[in-house]
Each structure stands twice: as structure tokens, then as C-alpha cells.
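Trainee: In case you want the letters, here they are:
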Amino acid sequence: MELREFFTENVVKLDVEGETKDEILKELISLLGLDEKSESILYKMLKRRENLGSTGIGKGIAIPHCRSLVVNRLRVAFGRKKDGVDFRAIDEQPVHNIFLIVAPPLEVSNQYLPVLGKIAQFSKEPDVTARLAEIDNSGEFMALLEEKGI
Amino acid sequence: MHSQLEILLEIQDLKTQRRELDKTPGERQVEEEVFNITIDDALDQLEEKIDEMENSLEPTVRSRYKRLAGSRLRAIVPVIGGTCYGCFVSVPTALASDADRNEELRFCDNCGRFLYLID
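Sequence order for the protein chains is A and B. Just so we're aligned, residue 180 is where the first sequence starts under the numbering used here, counting upward by one. Just so we're aligned, residue 7 is where the second sequence starts under the numbering used here, counting upward by one.
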């Protein structure tokens, strides 16, 4: 399966409002449509993962991720912060593009690692950072994923 | 959600994270190579947090949890589509459709695991 198939336009937010890493994590979690308690548990898990080491992989991209019982299938979301946010990324540069990935502990189709890998691969494409900065709507984001065919 | 269930879910998620980092070569490799994680340090941190959270459980819940965790990989499992995802046996319909689900601690009649009901 290609990355495009895991995203829908309603989990793409190109004008993230949060000003901090924590606020942005909460904002992206809210795109998943979970109940309040599940959102809270998921936030704690993502924070704990961040405490092990930042998921900011450089070139303005972060991929917060975890497995949690509060979801029953793999879920993804994307947020863009044009001004950038401090994510303590490995290159110490602000993060502009955030891909959230959450999966249940037991996955029949075992998609979590492949999707994580595909997002990392997508992020390493030479023109992706510039292209993500230019898109105007979620449809263009989906089209970029499709074009890359990863 | 029942406060003890919330803690149990967090413990199970942390244990999943620890197991994946420790035992799943693909996950370990991604965390090391893409995210620059030091696996041994991460495992120590997770272990410490798991201990802390287990100790915060109420004694009766902790006792049951410890008994289950001693013999099973997962002590807390989801119920999806009316099925316990620990033993894959159907749970009673009344339990699966309860509007106040997750407000009480519930157990699988078949395998005894703590249950978390999910849509």
C-alpha cells in the first residue's frame, strides 16, 4: 500500500495553531476523532516517546509516533506550522511539518513500521520540504503523496 | 473512564513500547537509525516508568494485574466488535454494548484479562 492510502483530507491541517510542541501534538491528536480520555492517554504516550528522544528527524520534519490501546487501527495525521516550532530536532532546526502515526499494539496487517518507514522515506525526498511549504490545501497534500508514489 | 483502567492502559502501552524496542528488530532499527534513540537508555526509562505506574495501582487491582502479567503477555486487552482480543472469545452482548463502558473495571469471563471496550 502507498502512503496516500492512509491519509484523508480531514486529518490534514495546513495551518496548525499551536505555538509549542505540546500544543501541536494535542492539535494533531484532535484530528483523529477520539474521545477525550483516549486523547489524553494518547498524548501522554506520545510525550513519553518524545522523552526518550525527539522525533524531529531534521529538515523541518517530525514524526511523533507510538502504539496505544486507545486506537483500533493505524491512524495518521499531518500538520504544518509555517513559522516552525521547536521540536528539539536532531539538527536543532525548527520543525514545520509534523506527521503523527498511532497504531494499536496488535495489528493484523502490521502496517505500523512500514508506514513509519515510508514517511521517513518521503521526508528524505530532496524536494519534499519545499513542496510542503508551497501547498495551499489538503487536496494538494494528497496529490503530493500520490505523485511521490511511496 | 475508570481511573484504574486509565492507569492500566498506560502501563500496557508502556510495556508494548518496551517490548517493541527490546524484541522487534525492525522497530529497534528504525528508532536507532531514523530517530537516533539510545535503546538501552530508553529501555531503562520505560522500565522505571512502568514500575512507578504499577505501584500507583490500588492494591486489589495491582494484585490481579500482577497475577495476569506474570502469566500473559498482555493483562489488558481491547474488546473490538464484541470479541476479547486476549483470547478471541466473544464477550456477553450486554457488556459490549454498555453505554457506560470503561466506567467500571471489567474482566473477560474466559481468560480473566482486564477489558477495554473500544469502537
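Incorrect hints may have been included.
Some chain A residues flagged as far from chain B (calculated, every beta-carbon gap over 10 Å) [stated by the list, open to error]: (1) 186; (2) 234; (3) 251; (4) 253; (5) 259; (6) 265; (7) 295; (8) 311; (9) 323.
Label pairs and their in silico Cβ distance ranges [what the hints assert, rightly or not]: (10) B:44 x A:196: 29 to 37 Å; (11) B:34 x A:304: 19 to 27 Å; (12) A:315 x B:89: 39 to 47 Å; (13) A:188 x B:32: 52 to 60 Å; (14) A:316 x B:125: 25 to 33 Å; (15) A:201 x B:89: 32 to 40 Å; (16) B:99 x A:304: 25 to 33 Å; (17) B:61 x A:289: 52 to 60 Å.
Heads up, simulated PhoX-like pairs for lysine-lysine below, C-alpha to C-alpha not over 20 Å straight-line [claimed, not checked]: (18) A:205 x A:192; (19) A:327 x A:303; (20) A:238 x A:303; (21) A:226 x B:72; (22) A:223 x B:55; (23) A:238 x A:223.
These aren't lab readings, by the way, just hints derived from the structure by calculation. Even for Gly, the Cβ is constructed at its ideal location relative to N, Cα and C.
Trainee: With reference to the structure, classify each hint as holding or not holding.
Mentor: Going through the hints against the structure:
A cut-off of 10 Å between C-beta atoms confirms that residue 186 of chain A is not in contact with chain B; the least separation is 20 Å. Interface exclusion of residue 234 of chain A from chain B breaks down, the closest Cβ pair being 6 Å apart, not more than 10 Å. Here residue 251 of chain A does not stay apart from chain B, with its beta-carbon only about 5 Å from theirs, under the 10 Å limit. The non-interface label for residue 253 of chain A is consistent with chain B: the shortest C-beta to C-beta separation is roughly 14 Å, beyond 10 Å.
Separation of residue 259 of chain A from chain B is adequate, the least Cβ-Cβ distance of about 20 Å exceeding the 10 Å criterion. Every CB of chain B is more than 10 Å from the CB of residue 265 of chain A (nearest about 17 Å), matching its label as outside the interface. Its beta-carbon lying about 6 Å from the closest one in chain B, residue 295 of chain A breaks the requirement of being farther than 10 Å from that chain. The claim that residue 311 of chain A is not at the interface with chain B holds, since no C-beta of that chain comes within 10 Å of its own (minimum 18 Å).
For residue 323 of chain A, the requirement that its beta carbon stay farther than 10 Å from each beta carbon of chain B is met, with the minimum near 21 Å. At roughly 34 Å, the beta-carbon separation of residue 44 of chain B and residue 196 of chain A lies within the given 29 to 37 Å, and the hint holds. Remark: the range hint 19 to 27 Å for residue 34 of chain B to residue 304 of chain A is upheld by a beta-carbon distance near 25 Å. For the pair residue 315 of chain A and residue 89 of chain B, the beta carbons lie near 44 Å from each other, so the given range of 39 to 47 Å is met.
For the pair residue 188 of chain A and residue 32 of chain B, the beta carbons lie near 30 Å from each other, so the given range of 52 to 60 Å is not met. For residue 316 of chain A paired with residue 125 of chain B, a C-beta distance near 30 Å keeps the hint of 25 to 33 Å intact. The hinted range of 32 to 40 Å is satisfied by residue 201 of chain A and residue 89 of chain B, whose Cβ atoms lie roughly 36 Å apart. For the pair residue 99 of chain B and residue 304 of chain A, the supplied restraint of 25 to 33 Å is violated, since their beta-carbon distance comes to about 49 Å.
One distance hint, 52 to 60 Å for the beta-carbon pair residue 61 of chain B and residue 289 of chain A, is violated here, with the actual separation near 33 Å. Among the hinted pairs, residue 205 of chain A with residue 192 of chain A is consistent with the structure: their alpha-carbon atoms are about 13 Å apart, no more than 20 Å. Between residue 327 of chain A and residue 303 of chain A the CA atoms are separated by roughly 11 Å; this keeps the pair inside 20 Å, and the hint holds. For the proposed pair residue 238 of chain A and residue 303 of chain A, the alpha carbon gap of about 8 Å is at most 20 Å, so the pair holds.
Among the hinted pairs, residue 226 of chain A with residue 72 of chain B is inconsistent with the structure: their alpha-carbon atoms are about 26 Å apart, more than 20 Å. For a cut-off of 20 Å, the pair hint linking residue 223 of chain A to residue 55 of chain B stands: about 12 Å separates their Cα positions. Restraint check for residue 238 of chain A and residue 223 of chain A: the C-alpha separation of about 26 Å exceeds 20 Å, so the hint is violated.
Hints 2, 3, 7, 13, 16, 17, 21, 23 from the earlier list are contradicted by this structure; the remaining hints agree with it.
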